[in-house]
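Chemist: So you can see what is in the structure, the chains are spelled out below.
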Amino acid sequence: MTIKISIMKEIKAFIRPNKVNKIIQHLKEEGFDNMTISMAEGTGKFQDDTAFVSQKFSITDSEIAKLEIVAKDADVDTITSLICEHGCTLNHGDGIIYVSDVEKAYRVKTGLENGE
Amino acid sequence: MTIKISIMKEIKAFIRPNKVNKIIQHLKEEGFDNMTISMAEGTGKFQDDTAFVSQKFSITDSEIAKLEIVAKDADVDTITSLICEHGCTLNHGDGIIYVSDVEKAYRVKTGLENGE
Amino acid sequence: MTIKISIMKEIKAFIRPNKVNKIIQHLKEEGFDNMTISMAEGTGKFQDDTAFVSQKFSITDSEIAKLEIVAKDADVDTITSLICEHGCTLNHGDGIIYVSDVEKAYRVKTGLENGE
Numbered sequence: 001m002t003i004k005i006s007i008m009k010e011i012k013a014f015i016r017p018n019k020v021n022k023i024i025q026h027l028k029e030e031g032f033d034n035m036t037i038s039m040a041e042g043t044g045k046f047q048d049d050t051a052f053v054s055q056k057f058s059i060t061d062s063e064i065a066k067l068e069i070v071a072k073d074a075d076v077d078t079i080t081s082l083i084c085e086h087g088c089t090l091n092h093g094d095g096i097i098y099v100s101d102v103e104k105a106y107r108v109k110t111g112l113e114n115g116e
Numbered sequence: 001m002t003i004k005i006s007i008m009k010e011i012k013a014f015i016r017p018n019k020v021n022k023i024i025q026h027l028k029e030e031g032f033d034n035m036t037i038s039m040a041e042g043t044g045k046f047q048d049d050t051a052f053v054s055q056k057f058s059i060t061d062s063e064i065a066k067l068e069i070v071a072k073d074a075d076v077d078t079i080t081s082l083i084c085e086h087g088c089t090l091n092h093g094d095g096i097i098y099v100s101d102v103e104k105a106y107r108v109k110t111g112l113e114n115g116e
Numbered sequence: 001m002t003i004k005i006s007i008m009k010e011i012k013a014f015i016r017p018n019k020v021n022k023i024i025q026h027l028k029e030e031g032f033d034n035m036t037i038s039m040a041e042g043t044g045k046f047q048d049d050t051a052f053v054s055q056k057f058s059i060t061d062s063e064i065a066k067l068e069i070v071a072k073d074a075d076v077d078t079i080t081s082l083i084c085e086h087g088c089t090l091n092h093g094d095g096i097i098y099v100s101d102v103e104k105a106y107r108v109k110t111g112l113e114n115g116e
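Protein chains in written order, with the working numbering: chain A, 1 to 116; chain B, 1 to 116; chain C, 1 to 116.
So that you can see chain A by itself, here it is in the shape it has in the complex (with noise of 0.2 Å):
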């Protein structure tokens, strides 16, 4: 039996939709190129300063943006603070991150096993 030690982390940021354009270029002028953006609700203490009210659900009050990046061990703690640091504006519903192991990344292109 062999203990997998995974060197590939998925970060999973919750983040204010309008910190998206900003944190997005200060990773990149990182070389963290590639990642994702999807739009979510959130429910409670993520409530943003102005009020919401969803169209699809009437239990979420705000906004959220999902921002979502695979990126090497030794990168995470360089990818979380820059998210912190421009995505806060010290109010309640700045957000969360989480750190996630990742056991195996493709190119769609190639096919190969391949992080980078």
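The set of hints was computed from the structure by calculation and includes no laboratory data.
Source: prediction; values computed, not measured.
No residue lacks a Cβ here, since even glycine has one placed at the ideal position from N, Cα and C.
Mixed in with the good hints, there may be bad ones.
What the hints assert, rightly or not - Coverage of chain B stretches by chain C, computed from C-beta distances (three or more under 8 Å per stretch; other residues unrestricted):
| # | segment |
| --- | --- |
| 1 | 10-21 |
| 2 | 94-106 |
Claimed, not checked - Derived DSBU-like pairs: lysine-lysine, alpha-carbon spacing no greater than 30 Å straight-line:
| # | chain 1 | residue 1 | chain 2 | residue 2 |
| --- | --- | --- | --- | --- |
| 3 | B | K22 | A | K72 |
| 4 | B | K12 | B | K56 |
| 5 | C | K72 | A | K12 |
| 6 | C | K104 | B | K22 |
Following the hints, put chains B and C in place on chain A, whose structure we already have.
Modeler: Below, chains B and C alone, put in the same frame as chain A:
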């Protein structure tokens, strides 16, 4: 070498959109306030009772809501039970819940590693 | 102390939106029926051949479809190979696939822990 024991878990639930409000309401009543909801499209066994025609893909056949919540390991059973109890209709297509490890969590506001 | 060996995997593929139907069709032909698709926006190396102007963020430059599928460990290679085979154009921006561990899976309908 140390073996890391994760104490934070990510719960990802694919549920019926018309069950979202009820499920979140019950989660909040139990003190779980932080979660996000987004919309996705599903195939096959997720098929809903009512017909669904995607404007984007011809091959998907149902709308699915995706609930994401990160919680302490000790709370996972409570949360998954609430989602099943209030999300089930006993028909096909009630959805699925997945639990995964989260290695670290940070607050964007403070930059501190702190899942709470 | 026991070391948990995960046997369920989450496959997350960021693929070209115009490849979604073809990829899902082939996955279904091989018996993989349960998956979800959602739309996101990407940056940089995901850049598509055709220009894309996001209505939401000035910094993203491409539309990406996100395919999520949970499968048995033994099926991961088959699934990722199918996605690469039917998702590639041999151009930049074909996308990336990530594989991660899933600790537990439940059916909402029954509440039972059962990844199938």
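Chemist: Now tell me, hint by hint, if it's right for this structure.
Modeler: To see whether the hints hold, each was checked on the structure:
no.: 1; hint: 10-21; result: holds (count 3)
no.: 2; hint: 94-106; result: holds (count 8)
no.: 3; hint: B/K22 / A/K72; result: violated (39 Å)
no.: 4; hint: B/K12 / B/K56; result: holds (23 Å)
no.: 5; hint: C/K72 / A/K12; result: holds (24 Å)
no.: 6; hint: C/K104 / B/K22; result: holds (23 Å)
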